[in-house]
Amino acid sequence: MKFKFNLLLLVSMLFISCNTSDDEYFSNIPDGICDVNTEINPPIGFELNTLGGIDFNGSVRQFQIVNESIAYALLTNNRGGYIELFKSVDGGQTWIDLEVDIDMKPINMIFRDELFGIVTIRDFSNCTGSNCSRNSIYLETIDGGLSWQEKVVNNLNGTLYHPSFDSNGNLYSMLRTEKKSTMIKSINNGVDWEILFESEDLDFSLETFSYRLFDDRLYASGKDSTILIIDSNGSLINRFQSNVGSIWDLDVIDSSNIIVAGRKLLKTSDGGVSWNIISDEISRIIGFDSPDIGLAILRKSTCPSDVYQVNDVIAATLNGGFEWIESNMTTTNLRLNYSNSQSITSGEWFIMINNILFKIERR
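Residue 0 is where the sequence shown starts when you use numbering that gives the first Met the number 0, and the numbers rise one by one after that.
Just to be clear, a hint being listed does not mean it is correct.
Unchecked claim - With a Cα cut of at most 25 Å, we get these calculated BS3-like pairs of lysine-lysine: (1) Lys299 <-> Lys358; (2) Lys150 <-> Lys178; (3) Lys179 <-> Lys104; (4) Lys150 <-> Lys184; (5) Lys104 <-> Lys150; (6) Lys263 <-> Lys299; (7) Lys104 <-> Lys178; (8) Lys222 <-> Lys178; (9) Lys86 <-> Lys150; (10) Lys358 <-> Lys86; (11) Lys222 <-> Lys179; (12) Lys150 <-> Lys179; (13) Lys222 <-> Lys184; (14) Lys222 <-> Lys263; (15) Lys104 <-> Lys86.
No wet-lab data here; the hints were simulated from the structure.
Generate coordinates for the entire structure from the input sequences, incorporating the hints supplied.
Dropping the structure here:
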């Protein structure tokens with residue numbers, strides 16, 4: 000009986016101790032850190048304008064502005080995961096559902112012009128066993144998204160990521176299976192594909208970045224935060240170590256100045272020989288106009304709740320990241336709801352957040 004009493008007393012003490020600890024923990028949370036704020040504000044010296052939103056039960060994976068009038072947005076439905084494509088003919092102010100409604104998981108898209116474009120997909124049809132990315136297929140349109148044809152990458156298996164055209168019209172993509180990643184290239188708009196570069200060092204873990212095309216060079220993600228620089232003929236030019244963890248974004252300003260976002264924001268001014276931390280926060284890159292001027296989304300705080308809630312800000316630097324000018328209030332889950340950005344002219348960027356297209360520019 001005494002043993003039972005002591006056991007109950009011990010359990011009660013532990014329960015009280017745990018509750019007291021929790022109370023003390025939550026009482027130390029700064030005021031306002033768990034408030035939800037959906038308003039988006041630019042940093043001082045910048046102007047944020049709302050262009051137009053997409054009314055759809057899903058989220059934008061990627062958008063692309065083709066010219067002053069034409070823009071496309073690739074979405075996935077929240078319930079079924081199927082492909083939807085929206086098109087704007089007035090610079091992103093209004094959006095038309097092209098009603099693609101193809102029952103496949105969309106990955107990325109690229110439009111060469113307002114008519115020719117491709118959407119890469121993950122195909123699970125006729126799949127048995129653990130490897131369900133064996134069918135290397137994508138969708139192609141030649142009439143601005145009105146109709147689509149399924150295309151097969153002959154003799155190559157895997158899922159295509161981040162298709163991009165270089166200045167000569169060559170098409171590139173990162174092909175990934177469960178075991179390896181391979182850079183592939185087409186010189187005839189995807190009619191034929193060839194292996195451009197393959198190495199055990201190629202690897203990426205986040206769907207936001209596998210490689211970046213700049214001046215007909217590919218800055219490809221490698222293992223352990225390595226960046227491999229590959230030319231358009233498939234030759235390895237250089238490699239450098241960023242030590243940033245999983246890479247969210249990479250922005251190439253020129254061959255010397257490169258920004259990498261991961262668990263921190265890093266910058267090199269000597270082509271990757273040395274790196275400087277320009278922000279200790281987990282971040283996404285909006286874009287850099289020059290080695291000095293750029294925009295990013297920075298994490299500021301996290302609410303310790305059962306629901307994912309992180310407070311982020313849009314921040315600008317005018318001196319290469321030595322100082323950041325932040326918006327005057329945080330926005331809840333800004334990075335989570337951000338898809339991508341695109342710059343058409345110097346000093347302005349288009350960004351898609353929560354299915355709404357914004358333009359941010361210097362005043």
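Output the indices of the hints that this structure fails to meet, ascending.
none
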